[in-house]
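Residue numbers (the numbering used here), protein chains in the order written: chain A, 1 to 368; chain B, 1 to 414.
Keep in mind that the hints were calculated from the coordinates and are not lab data. The structure displayed is predicted, hence computed values, not measured ones. Heads up, a few of these hints could be off.
[To be verified] Away from chain A, derived, C-beta distances all over 10 Å, residues of chain B:
{"#": "1", "residue": "K11"}
{"#": "2", "residue": "V71"}
{"#": "3", "residue": "P105"}
{"#": "4", "residue": "Y149"}
{"#": "5", "residue": "F204"}
{"#": "6", "residue": "S250"}
{"#": "7", "residue": "S402"}
[Said to hold, decoys possible] Each computed DSSO-like pair below joins lysine-lysine, with the alpha-carbon atoms no more than 27 Å apart:
{"#": "8", "chain 1": "A", "residue 1": "K334", "chain 2": "B", "residue 2": "K137"}
{"#": "9", "chain 1": "B", "residue 1": "K75", "chain 2": "A", "residue 2": "K330"}
{"#": "10", "chain 1": "B", "residue 1": "K338", "chain 2": "B", "residue 2": "K208"}
[To be verified] Per the computed footprint, the stretches of chain B lying under chain A, defined by three or more beta-carbons under 8 Å from a beta-carbon of chain A, are:
{"#": "11", "region": "85-95"}
{"#": "12", "region": "121-132"}
{"#": "13", "region": "152-166"}
{"#": "14", "region": "289-296"}
{"#": "15", "region": "323-337"}
We treat Cβ as the ideally placed atom computed from N, Cα and C, and that holds for glycine.
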Amino acid sequence: MKQEQAFSVISRQKTAGKTTIGCFPLYPPLEIFTAMGLLPVILWNLKSDIKNFAESDKHIQHYACGVVRELVQFALSDTGIFLDGFFSYNACDTLRNLPEILASSNKDAGKNVPMLRMHIPQVNRAQTVPNLYIKNEISQLIHDIEKVFGVVFSSQRFHQAVKSYTKMRSLCIEAEKRVAKRVLSFSTFCSVVLSNFFLPVEEQIINLMNLIGTAENIPEKKGTDILLSGIMPPPLHVMDAMERADLRVVANDIASLRRSYGYSPKITDDPGEYYTDYFANRFPCSTMLYQSDTRLTTFLDLVDSSGARGVILLGQKFCEYEYFEFPYLKKQLKDKGIPVLELEFGVDDIQNTEAYSTRIEAFAELLA
Amino acid sequence: MAEKTKNKAGKHLTDILTQGYMDLHQRSASGAFCVWIAINVPAEIFAGFDNVTYAVPESHAAMCAGKGIGVDMCKKSENIGYSMDLCSYARIDIGNNTDGGKDSPTFGLPKPDLLVSNNNNCALLAKWFDVHHRTWKVPHYIMDIPFCYEPQKKKDHEYIVQQMHDLIRLIENLSGQIFQMDRFSEAVHHSWDGLREWKRFLKFAEHKPSPITAFDTFVHMAPFLTLRGTPILKKHITLLADEAEERIFSGNFPVPDEKFRLFWDNIAPWHQLRKMSKRLATLDANIVGASYTSCMGTIEGSFDLFQWNEKNPFDYIARTMNAYMCPHGMELRYQSMKGAIENLSIDGVIFASNRSCKPYSITQMDQQKRINEQSHVPAVMIDIDHADARKYSEENTFLRISALLETIAAKRTG
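All chains should be modelled from the sequences, with the hints used to inform the complete structure.
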């Protein structure tokens with residue numbers, strides 16, 4: 001199933017009168033924006049909107065990852081016209097430069113697009129307690145949103161937003177279980193979850209409920225169980241190749257999937273408490289520096305608990321965060337006797353599709 | 001070009017670096033608590049303890065690259081699965097650890113008891129040090145330094161100070177040693193003395209022709225990394241600055257017929273220092289300054305020395321945490337560079353787009369445009385890798401530099 005283009009989804013929302021905030025990277029405080037009547041859209045997985053890199057190439061070298069180049073291209077070309085503001089937090093060495101690149105480029109084009117930011121503490125919680133700092137950052141962000149967009153924060157609406165996002169995340173996990181039973185295709189699941197990045201949370205819930213509904217009463221299909229790990233799901237043609245090879249995605253450790261919806265904090269109307277909990281306990285990701293120990297154990301536990309017979313590491317070319325961990329992960333998996341296939345994707349992964357298919361087929365044969 | 005022989009400062013540098021690595025190995029072997037740090041970590045803290053020593057993998061990697069063994073070291077890490085797209089410092093360092101520093105000019109680094117990285121000069125340092133954390137099974141403390149798009153904020157400053165205290169407590173717990181404030185304060189004063197001399201040294205580049213090159217600054221910054229907080233630092237930089245001053249009086253300039261005064265933005269290509277400086281000199285071009293070495297001792301937005309009131313050393317260290325490698329926003333970096341262009345009478349800027357350093361490189365395309373349009377100074381972008389010579393083409397580089405020099409010459413003739 002092909003994902004709907006971000007631009008068309010966002011433009012529909014804009015027509016409905018939504019003020020849209022382009023957020024990056026993957027784990028922004030969505031509940032705050034929603035509670036304040038804004039539409040946060042996560043600027044990720046934008047490949048289907050990108051025809052070329054003309055705008056990005058004016059600012060970003062070719063040795064930046066595809067995620068960044070696509071994001072810049074999307075934001076600075078016609079596809080970005082419906083974005084009323086940006087929000088970013090500290091992430092990798094490339095992404096941290098984008099707020100100023102986007103701001104300065106918009107300024108040159110005569111556009112004043114507000115830029116909101118916060119710093120998510122990266123200290124190991126056993127060594128330094130950053131709770132006060134996080135609470136201050138959240139308060140400051142709320143203050144900035146109020147000032148820039150003329151909206152008002154309310155604890156009650158925040159509480160409601162938290163409940164909605166909690167439900168959305170639990171539905172993602174429900175849908176993921178159906179993928180594991182192979183009554184729902186992984187590509188359809190990805191398509192819905194990733195399209196949801198551009199929608200209000202209420203619509204996300206409806207889409208997920210519909211998705212789960214389509215998977216009811218379908219007999220479970222067998223296949224060879226695998227786990228996928230990486231920043232992004234693989235391109236559609238690679239997912240198709242997996243389906244053809246009878247590989248069943250019983251679990252994923254993908255940043256835009258499980259790492260995004262894998263944990264919901266306790267429901268509260270206090271944003272400071274909520275995000276202190278969220279950032280301390282969220283499903284570990286390689287992009288959160290303080291989670292490196294828990295990330296590796298969580299990953300290996302997931303492999304064990306899912307019963308995956310093989311692991312496919314989905315490398316995003318030039319993503320240092322992921323590539324520093326791959327050798328260790330491969331060694332741990334090898335010690336467990338679990339075969340690993342490492343694939344690499346970049347801006348040109350639409351090419352050489354046969355090469356990917358061949359490697360996946362060979363991997364499936366190995367597992368069989 | 002004046003014949004380059006090793007001057008007093010050059011010989012002194014070799015002596016103190018050699019002695020520094022020998023001391024590091026000897027003290028560690030005798031039971032000192034050994035910390036591996038990233039370059040922005042305030043090493044003065046370790047002087048506050050009786051028997052804590054520290055090593056700097058980045059500096060060691062740069063030295064390996066400078067000695068021409070960077071590529072071989074990189075290959076060692078690539079052979080165990082590390083991607084060639086990762087930072088070449090990290091690849092050298094990880095490669096070095098695969099065989100206990102067998103090919104290292106310093107016999108590698110002693111086993112660490114603690115790793116301390118920071119994420120403001122680059123966040124990948126934390127991932128890189130995690131590799132050692134898993135290998136050596138020792139704690140890893142990440143100093144989390146909020147990135148400055150604007151001058152450092154009070155809340156961030158307080159957060160950094162909090163972390164320094166937490167780090168001290170961690171070392172006390174791990175090493176069983178007690179932190180002594182007076183010794184820490186003394187070490188910060190030593191660094192401060194060294195930085196004042198460093199700024200005196202850099203200022204000589206304002207003279208025409210310049211008695212120094214950016215390559216001198218690259219080479220002689222090493223003590224700020226490995227001998228931070230020691231009296232040797234000041235002694236060395238004073239010698240260096242005195243020698244530069246002497247060259248003005250004696251008329252012994254590195255590029256005697258200096259026609260083009262250039263400025264360098266990014267880390268040095270350590271594997272090319274000698275070749276690049278020689279070839280530039282044949283073109284009567286001198287890179288007289290570099291953002292990489294100018295930002296030491298400064299705060300965001302200016303290359304001027306940040307003036308310490310010599311009171312609270314924690315405050316001072318926290319305030320200057322953005323001093324190595326210019327880890328701050330594009331606008332602040334432009335302001336610093338603009339000042340340097342004016343002070344040093346710069347004719348052109350070389351933006352070295354460094355595949356191994358995204359935090360330094362990613363804003364350079366915008367920065368180049370701004371330098372051209374707002375400072376009206378021609379600029380060129382070249383492709384380098386700071387430690388992996390396989391990713392560097394001398395001919396392509398000099399083709400672009402020659403074009404820059406032609407542009408400067410054409411601009412002069414109007």
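Against the structure, the hints come out as follows:
The claim that K11(B) is not at the interface with chain A holds, since no C-beta of that chain comes within 10 Å of its own (minimum 37 Å). With a least CB separation of 18 Å from chain A, V71(B) remains clear of the 10 Å interface cut-off, as annotated. Annotated as non-interface, P105(B) keeps its C-beta farther than 10 Å from every C-beta of chain A; the closest such distance is 25 Å. Taking the minimum C-beta to C-beta distance to chain A, about 6 Å, the non-interface status of Y149(B) is violated against the 10 Å cut.
Remark: the non-interface label on F204(B) is consistent with the geometry, its nearest Cβ contact in chain A lying 33 Å away (cut-off 10 Å). Annotated as non-interface, S250(B) keeps its C-beta farther than 10 Å from every C-beta of chain A; the closest such distance is 43 Å. Chain A leaves S402(B) outside its interface by the beta-carbon criterion, the shortest separation being 22 Å against a cut-off of 10 Å. This hinted pair checks out: K334(A) and K137(B) have alpha carbons roughly 20 Å apart, not beyond 27 Å.
For the given pair, K75(B) sits about 19 Å from K330(A) by alpha-carbon distance, which is consistent with the 27 Å threshold. A hinted pair counts as satisfied when its Cα atoms are at most 27 Å apart, and K338(B) with K208(B) qualifies at roughly 19 Å. Counting residues of the region 85-95 of chain B whose beta-carbon sits less than 8 Å from any beta-carbon of chain A gives 4, enough to reach three: the coverage restraint holds. For the region 121-132 of chain B, the proposed coverage by chain A is satisfied: 8 residues have a C-beta within less than 8 Å of a C-beta in that chain, meeting the threshold of three.
Requiring three or more residues with a Cβ within less than 8 Å of a Cβ of chain A, the coverage given for the region 152-166 of chain B holds, as 6 such residues are present. Restraint check on the region 289-296 of chain B versus chain A: 0 residues with Cβ-Cβ distances below 8 Å, three needed, restraint violated. A stretch counts as covered by a chain when three or more of its residues have a beta carbon under 8 Å from one of that chain; for the region 323-337 of chain B and chain A the count is 3, and the coverage holds.
Taken one by one, the earlier hints fail for this structure at numbers 4 and 14, listed in ascending order.
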